[in-house]
Amino acid sequence: MFLVADGVVLVVALDRVITILLNGLQQGAIYVLVAIGLSIILGTLKFVNFAHGALYLIGTYAGLLVTLQIQPTGGRLADWGYATLGLGWGFLAALVIVPVVVFVVGLLMERFVARPFYDRPDTDQILLTFGLAIVVQEVFKILFGGQSYNFARPAWASGPVHLPVVGAFPEWRLYVIGITAVVVVLVYALIEYTDFGLVVRAGTRDAEMVQLLGIKLSRPYLMVFGVGAALAGVAGVVGGPLYAVNPNIGTEVLVPSFLVVVIGGVGSITGAVLGGILIGETLAILVAVAPQWSQVGIYLLAAIVLLARPQGLLGTEEVAP
Amino acid sequence: MRETVDDDTESFTDARAELQIHRNSDPVNLRLRLRYDYAGTRQTDSGADTSDFDPADRTTVSTEADFVVNDRVVFIGGIGLTHADDTNGSDCVRYSFREVFNTTMSAQALAPVVTDEYGDDLSFYQLYADYNWGQSQQESMNTYFTEAGWSQIDSVATPLGTSDFSSFLSQVPRDEADVLFLNHYGLDGANSLSQAIDRGLNEDVEIVMPLYNRPMAQAASGAIDGVFGTAAWDSQIDNEPSNQFTQAFQDEYDRIPSGVAQLAYAQTLQYAAAVERAGTFYPPEVIRQLEDYEYDNIGMGPETMRACDHQAHRAVPVVRGLPEDEQEQGQFFEIVELTPRDEIGYGCDEGPAAECDLGPYE
Chain A
1 MFLVADGVVL
11 VVALDRVITI
21 LLNGLQQGAI
31 YVLVAIGLSI
41 ILGTLKFVNF
51 AHGALYLIGT
61 YAGLLVTLQI
71 QPTGGRLADW
81 GYATLGLGWG
91 FLAALVIVPV
101 VVFVVGLLME
111 RFVARPFYDR
121 PDTDQILLTF
131 GLAIVVQEVF
141 KILFGGQSYN
151 FARPAWASGP
161 VHLPVVGAFP
171 EWRLYVIGIT
181 AVVVVLVYAL
191 IEYTDFGLVV
201 RAGTRDAEMV
211 QLLGIKLSRP
221 YLMVFGVGAA
231 LAGVAGVVGG
241 PLYAVNPNIG
251 TEVLVPSFLV
261 VVIGGVGSIT
271 GAVLGGILIG
281 ETLAILVAVA
291 PQWSQVGIYL
301 LAAIVLLARP
311 QGLLGTEEVA
321 P
Chain B
1 MRETVDDDTE
11 SFTDARAELQ
21 IHRNSDPVNL
31 RLRLRYDYAG
41 TRQTDSGADT
51 SDFDPADRTT
61 VSTEADFVVN
71 DRVVFIGGIG
81 LTHADDTNGS
91 DCVRYSFREV
101 FNTTMSAQAL
111 APVVTDEYGD
121 DLSFYQLYAD
131 YNWGQSQQES
141 MNTYFTEAGW
151 SQIDSVATPL
161 GTSDFSSFLS
171 QVPRDEADVL
181 FLNHYGLDGA
191 NSLSQAIDRG
201 LNEDVEIVMP
211 LYNRPMAQAA
221 SGAIDGVFGT
231 AAWDSQIDNE
241 PSNQFTQAFQ
251 DEYDRIPSGV
261 AQLAYAQTLQ
271 YAAAVERAGT
281 FYPPEVIRQL
291 EDYEYDNIGM
301 GPETMRACDH
311 QAHRAVPVVR
321 GLPEDEQEQG
331 QFFEIVELTP
341 RDEIGYGCDE
351 GPAAECDLGP
361 YE
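Each protein sequence line maps, in turn, to chains A and B. Residues 1 to 321, numbered by the numbering used here, are exactly what the first sequence covers, in order. Residues 1 to 362, numbered by the numbering used here, are exactly what the second sequence covers, in order.
This is chain B alone, in the form it adopts within the complex:
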C-alpha cells in the first residue's frame, strides 16, 4: 500500500491509498481515497471497486514480499490470494500484514465441520494447483484431516495454467476415495469443480473446495451446490459492522459486496486508523500501531493482528454452496459455521509462525 497526502500540510484531510495486488505476476492497482476532517473523523470513503477482480488472480507472494521490502511500503495483504501459510510464515516480512486467514486456519475450521457431516475414517484424494498456495493448502488439508482420523490416498499436482482438469479428474479412484479436495482457486476452481461434476464424480465422492471466492462461485454456478469450503467474508454474516458495510456498499454501488471487497475496505480503513493513531505516515510508526492491535469492528468478531507474524487471528467462515435455483446476485453460500478464533490458530512458536522472522523496522 502506498499513500500520498494531497495537500502540503501534514493533515489527513485527503489521503489516497494505492493497493497493489498481483494478477499472474502483473501488478494491478486499486486506488482508494479517504477524506477526513481535521478532527480525524472520517467523512467519506470511496473508490475501491473490486468488481474487476479476475477469479484467476494468483498473488505472487515472493514478488509481493520483494515489493514491500525493497520499497519500504506497508502492505496489508489479504486481498486476492494471500492465503498460503508461507506468506506470514517463512516468507513473512515486517512491512506486510495479513487480515485474511491462511491454509492452516482453513483446514482447522473445515476439519470438524466436514468430518461431522461425512463421517469418520474416510479416505480422501487431493488435486492441487502446483504453486506455493496450492502446495500449502494440500499440506494443511492432509495434516488436519489426517489428524481428524481420515487418510489420504494421494495428492496430485496440477500444473499452473491448466484449465482442463478432465484428465486429472479421470484419475480420481472413485471406488476407493470418499472425499475429493480440489485445491484450486478462482477460475481454476470454477473449472475443476464444474468438470468434476460434469464427470459425475459427485455421484461417488463428496467434493470439498477449501477456499471459495465469489467470482469463482459465480462462474461455477450450480456446481457448488452442497460443496463445503471457507470464504473470507460474506454479507450474510449478521453483525453490526458487516451489516453497516453491506448497506453502505449497496448504497454506493447498488450491489452486494463480495468478501474481497470487504477485505479491501477493511484493510484500507485499518491502515488509515493506524496512521491516525501513529499521527504520521512514517511506516515504522504505522507498523508499531498495527502490531498486536486488538479490534472488533470489521465484522469478523474480536481480532488480533499478531506482532510475532503479522497474521490476524480471527474467526473463519465455513460455507456451503447453494443450489443454482437458490443463488442470487451476490448470494452464493450458506454460512454453516463461523468458527471462532479460539478454536483455530497456533502459537507464535508453532506452525507457520515458528518459521517467521519479520526483520527490522528500518
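Isolated chain A, as found in the complex:
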C-alpha cells in the first residue's frame, strides 16, 4: 500500500509507516515488561503465575499513591474517612519506590504461595494463582471502589511532542518505550553477565545438576520471583498513566502478556522482547488496515507461531503436552 511512485505520496506513506511502527512499539512495551517477569518465572521456576497481573495492579495503585494524592469516592477507604490518600511525591519517586515494594510482595508471594506449589501440577498452580489474582482484585475493589482513577501523566511528559516526519505523538509513550528499553537491558545484563544470572540459567537448564554441585537454588529462585514481580511493578507505574486505573487492569494486561511469552518462548528475555514488539506491531498494523480484526489478529499470530514453532520463536524447549 505504500509502494507509490509519486514522491509526495511516498513521504505521506513513510510518515504513516513510521507512526504505525512507533504505535506498535509503545503498545508492545508494557506487555514486554510484564511478560519478561512472567517468562523468567515460568522458565526458571516452572511456576505458572496467573497472579502476575495482580502484581501489575499493585504496582499501578502503589504508583498512583506515591505519585499523586487521590480522593477516594467509593470503597471502604472512603467510608473510613480517608478523604485524601497518597504521598504526592511525583513520578520519579514512584519509579524508584514501587519496584522495591512490589519486589517485596514478590518475595512474600514466592515464599508463601509459589514455593509450596512448585512440585504440584500446572493445573494446581493455575487454580491457586488465578484465585489469588481474583482475591487481590476484589480487595482493591473493596478498598478503593470499582471506579476508575485518573493517573495523570507527569507534567514534564504530558501531551504531544512534535516529532519530525511523524508529527504529534504522545510524549509519555516515548518515555514508556525508553524506560522499557533501559529496564530490558538491565535485566538482560543481570541474567547474562552476573554470577546470579549464571546460577539462574544453569538452574533453568538442569536444576538437579546445579544442586548436586552444591549450589542452593532456593535463594536465586526467590530472587527471580522478586525481580519478576518488580518488573510487573515497573510496568504498573509506567503503564498506569496510559489508561484509567481500576481493579480490572491486572487481568486485562495478563492475557496479552501471556501471549507474548507464548510467542517469544518461555524463559527467554529476548523472546519476550520480540514477542512484545510483534504483538504491538500486529495490533498497530491491523488497526491501520483492518481495525475490526485488531484484537483477533494477536491471537491468530500466537496460533501461527505455535503451529510453526511450538516452543515459541526463541524458546528452547517445547511446552509439555
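These are calculated hints, taken from the structure and not from any lab test. There could be a bad hint or two in this list.
Partial selection, computed: residues in chain B whose CB lies under 8 Å from chain A [stated by the list, open to error]:
#1 D130
#2 T162
#3 S166
#4 A190
#5 D198
#6 P215
#7 A220
#8 R288
What you are looking at is a predicted structure, and each value in this text was computed from that prediction instead of being measured. Just so you know, even glycine gets a beta-carbon here, dropped at the ideal spot from N, CA and C.
Once you've looked at the hints, dock chain B against the given chain A.
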C-alpha cells in the same frame, strides 16, 4: 426489576425491589427497599447506592430482553447503558421501559448546539465501540449531523475490549477532519478521550463525547475540558424535584448524586407509584399503568412514557466538560442546554419506534 412483599398481606408496607443490570454480561443486583404506610404514602426509601457502578458497564441489551421476557419481570431500563436505539426499537419488549433517552435523541439534542458552536459545513470523523450501542450511536451522529450540513469522512469500529486507542487515534486525519466523535462509554470513553488529548488531537480537531457519565468524567479528569456531550441527569439541573433529590441523597450519603443514581431512584419510585396506581404487583396491570403515563416529578420536565415503544419522551441535557481546576467532587459539567422534548424525538411510526413490536401483555 423483581419485587417481593415482606409480610403475608397484600399491603405495600415494605416492598423490596431488585434491579438487575448487566456488567459485561454479568448480572449485578441493586436492592432497594421502599416503605409505605397503609395510606400508601411513602415514608422512607433507602438502599440504592449506585456508587459501585463501574464506568465500564456495558449493558447487554439482548440478555436483558431475554431476561424480562422469559421471567415476566418488569424491567425499567435506563440504568447503566440502555442508550442504544434498538432497546426500544427493534428489540423492544412489553416488559421493558426506558426512562433515559437514546442515541437518536442524543444526536438530535447535540446537533444544533454543536453546529452552532463550531460552524457549518464541517467534516467529522468517528470512532465507535463495535457493539450494538456504539453502532447505534455512530449511526445517529452520522444521520443528524449530516442532516445539519456536516459531512462524515469515515467511521471506524474499535473492537470491544480495546483499552489502548492510541493506534486508532493516530489514524484520525487531523488535516482533513474538523470534529472527532468518540462513541465510547464509561471507562472506554475515559481512555479514548484522555489518549486523544495526550496525542494533541484537540489542537487540530474539536472532540465530542456524545454520551457522558460521571465515573467516566472523573476518570478522564481534565481531558473533558470543553468537550460537548449529553448526560442522563445532573445535579445542577435547577428545579424542585432535582433539588429535592440532590438534598435527600446528600443527607443520606453525604455526596452529590450522579445521573445514574438519579435514574435508579426515579425508576424505582416510578415503578412503586405504578404498583400503587394498579393496586397490585401483577405485571400486566403495572405495565398498563406505566404506558402513556404523563409525569413531571423527576426533574426532567414534563415526560410521557410512550405506550407504543415504552420510551420516555423527555428533555435531554447537553453538557460541556469543565476544566480540571473547576471540577469538584460530583461536579464535572456545565449544562449548556436542557433541550426540551418538543425539539427532539420521533413519532410512533418513525425512527426506532417504527421497528418496535412490544408483544403480548401475558
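Structure-based check of all given hints:
1. This hint holds: D130 (chain B) has a C-beta 6 Å from the nearest C-beta of chain A, less than the 8 Å allowed.
2. At a threshold of 8 Å, the smallest CB-CB gap from T162 (chain B) to chain A is about 7 Å, leaving the interface hint in force.
3. This hint holds: S166 (chain B) has a C-beta 6 Å from the nearest C-beta of chain A, less than the 8 Å allowed.
4. A distance limit of 8 Å between C-beta atoms decides the matter here; for A190 (chain B) the minimum to chain A is near 4 Å, and the interface restraint holds.
5. The restraint placing D198 (chain B) at the interface with chain A holds, with a minimum CB-CB distance near 4 Å, inside the 8 Å limit.
6. Below 8 Å, beta-carbon pairs count as interface contacts, and P215 (chain B) has one with chain A at about 5 Å; its hint therefore holds.
7. Residue-level restraint check for A220 (chain B) holds (minimum Cβ-Cβ distance to chain A is 7 Å; threshold 8 Å).
8. A cut of 8 Å between beta carbons decides the hint on R288 (chain B): the least distance to chain A is about 37 Å, and the hint is violated.
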